[in-house]
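Given only the sequences and the hints, what does the whole structure look like? Please build it.
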Amino acid sequence: MDMKRHYYEDIQIFQKPVHVFWFVILLIGLVILPLVTRNYTMSLVNFIAINVIVTLGLNLLVGYTGQISLGHAGFVAIGAYATVLLMQHLGLNFFPALVLAGFVAAGFGFLLGLPALRLEGPYLAIATLGFGMAVTQIIGRSTFFGGRMGLKVPKINIAGITLSSDKELYIVIISITVLMAFAMRNLTRSRVGRALIAIRESDIAAETLGVNLAWYKTLSFAVSAFYAGVAGGLLAIIFGYINPSIFDFVMSILFLAMVVVGGAGAILGSILGGIVVTFLDLKLNAVTSMPLIGDLLREISTRWMSVSGLPNFRSVLFGILLILFVVFEPHGLYGIWLRIKKYWKTWPF
Amino acid sequence: MFSQLIINGISSGSLYALVALAMVIIYKASEVPNFAQGEMATLSVFVAWHFVNAQFLPFYQAVAAALLFAFAVGVLFEFTVLRRAEKPSILELIVMTLGLQMFIYGIIGWKWGAEQKTFSLPIAEDSVVQLGPVVIGWLNIITIVTSLLCVLLLYLFFTHTKLGTAMRAVQMNSTAARINGIRVHRIMSLTWGLSAVIGTIAGILFAPVSPLDPQLMWDPLLKGFAAGVLGGMTSPFGAVLGGYILGIIENLFGAYISLEFKSVVAFALIVLVLWFKPSGLFSRHYERKV
Amino acid sequence: MNDFFTVTGLTRTFGGVVAIDALDFAQKKGSIFSIIGPNGAGKTTLFNCISGIYRPDSGEICFQGRRIDGLKPDAIARHGIARTFQNLELFFRMTTMENLMLGRHIHMRTNIWHGLTMFHKNSTAAREEAEHREKVEHIIDLLDLQSARDVPVGALPYGRQKLVELGRALALEPSLLLLDEPSAGMTSDERQDLFFWIKDIQQELGVSILMIEHNMQMVMDISDRVLAIDFGKKLVEGTPEEVAAHPEVIKAYLGED
Ligand SMILES: Nc1ncnc2c1ncn2[C@@H]1O[C@H](COP(=O)(O)OP(=O)(O)O)[C@@H](O)[C@H]1O
Ligand SMILES: [Mg+2]
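Chains as they are written, first to last, in the working numbering: chain A, 1 to 349; chain B, 1001 to 1290; chain C, 2001 to 2257.
In case anyone wonders, no lab produced these hints; they're calculated from the structure.
The structure presented is a predicted model; accordingly, all values stated were derived computationally and were not measured.
One thing to keep in mind: the hints can contain errors.
Some but not every residue of chain A turned toward chain C, in silico, with C-beta under 8 Å [claimed, not checked]:
#, residue
1, V178
2, A181
3, F182
4, R191
5, G193
6, A195
7, A205
8, T208
9, V211
Every residue, glycine too, gets a C-beta built ideally from N, C-alpha and C.
Written as structure tokens, this is what we have:
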């Protein structure tokens, strides 16, 4: 063994050269993607990337810190509205508005985190649920926020160029996503992330080692909300129009599904979950036009259920997915990925 | 005016009390807030509606069938899902009930579509009783009496029957119960079934005053939750009382302060109570032993 | 008297149960002080009061001249008191290294911003991280835990898990170390090693040790002073010989041999 090992090796982002290789491949892929795809596909990719950002943040809270939030759509809403209003009323440029909106959401996260300190499991679930509902209720009832009708999102321009096509937006969104994914990876392997994981594993032990529970739990809420807020700002841009009904309870549950399906407590899990669940969700909107499955579902619908209610199949499937993953694969897709990797390593022996 | 508001409060409070009670008996046994409580009830109400609407069964038989159905759903969920999970954390338990919630919600929408239906009790819609200055609708009377009856029956069940005692034993300490020869899993299943039945009774009482759609129980569920939290989630007595308190406060708030934000009262109340007493009004604070 | 560590009139009840009843004792700096007593005597409750997990009903706990009773556990940790738990409270899904790194928590400065921006080897957080990992490595060497270094502690045998907990507490560089039944559940070989390590920790690292222990052999051999309690009250306090000579203690421990 080499005597002067450098301990940073233990935690560096890329543990092996082959990881760097794959990352470069991924980057190249992300760069050429807009060159080879249609605008529609780009809008899909943008939406996925934004959901990945939310999932990264929610996973910090749920997967790493072991808290729960059933109201993350509320933070996304706050980020979206804050971005738009800051641009409209204060005349801020897009980037400052986005960052500031992230901090506004983080502020609310911090506030929600305060009572959350004293609350555990079920109480926290209910408090966050109530928070999510309260946000959309208040937005919906206030003319300043455009009420139920919502707000139109101004066009954004960066360095004098107005971004309008999905491909142009893609550049902005994917850069932010990659940056935020790395930042989260950094955080989770640092002193702060370690303290959060420790809280999840045993809050009492963490406390007796000097971890200030109050501070770290609220911090986790705040960072998580920051991610959701930034994602909200980006969401506003790609939607071009926001109203409170977008940010409903189902949205919060979908985010939770992304964490659970992807893998709680893993960055790669957040990314996988964000991609797979969003993709599924979008595909399910047009489930009847899918070959085979579409026909089958129509058949079932006419025979036992109802054709007009078929869009609800989406909820049915997500419900089943949530249950199946928790029961059979609590580590989510990330867990499956780890097993595949292990299998390949020993292959073909 | 005031006494009228109180009566209305007690009436809606009765529903919250039932939902909270359903929630609490599961919470005590499985340590999970059942987010699917509302959907389980809604589905059962739809089943009753289906039977009545298809003229398949008369009203009371349809309701009985729906209660039976609810019981089966509760038992089945415990048996097919909860029991399969390996040492689930609280988080995982919550996610499972959320999964069930989405699943049932989807099934209801898929089967019966989104258009609203009506489900009413076989009584004249607006028949009322005049009691001095207070006017009480028959529906309110039925609601209040039924829920009081349920609470009473449950009390007798838990204190005077073997099964009820076993359920309480499991709620208190499942390991000790197992050692004493109680079939904990079976009791757990039955508890889920019982809870679903109570929730469905609330649903049937609530359906006449609300359009029957997949979201029927969302509001009562949240309020029931709030009531349960007020009462401490581990105390059936507290849950029922919490339900009545919430119903009354909510009605007074709606009348005197703001009708717009009436629905937010529940959460404001939760936040206030939990702020001062993090374990709810009627439950003892628990310190984890290390 | 001495002002290193003193407990005066400490009382803590649970409902009707008086777990600790007006307990007094004082420990000298650099000494090993053992607490013995039957199960349910209130020993762990005493530790929980000292480390701030439980708030005492009344009484005082002073450490190095300062009142620490009523403080939060994390504040008490920053005063330099670390502990182990009777029924392991490890971070089971973290590796041994990561567990021990939590012991370094109070000595590190990395904040949220440093953490988020730990992009390369020379960032503030990374340098601090490397520095403290090196310190932890020494503890891993000391306790012979190299083979467990990168293993999630949930996968380790019980005896090693107890060592990881000891290492974690040591990593905090405490002035006072609380050990709650450190040798319980260990094989006799493991116990032998532990015996020497505890001596080393006291003599070479200069850490004062307050220890709850049922193994009388170990208590007699390494303690400077011993306190026997029952029903939360002091039975007798003194040198190991004095305590061993007390009739109640003989009845409880030695008489059964
Ligand atoms: N969190 C708690 N809640 C209720 N009673 C407790 C708690 N912790 C300890 N006790 C009670 O205090 C008494 C002393 O327990 P403990 O300090 O664990 O004893 P020891 O460590 O000496 O075996 C016991 O009767 C125990 O039941
Ligand atoms: Mg003990």
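- Structure versus earlier hints, numbers of those that do not hold, lowest first: 1 and 2
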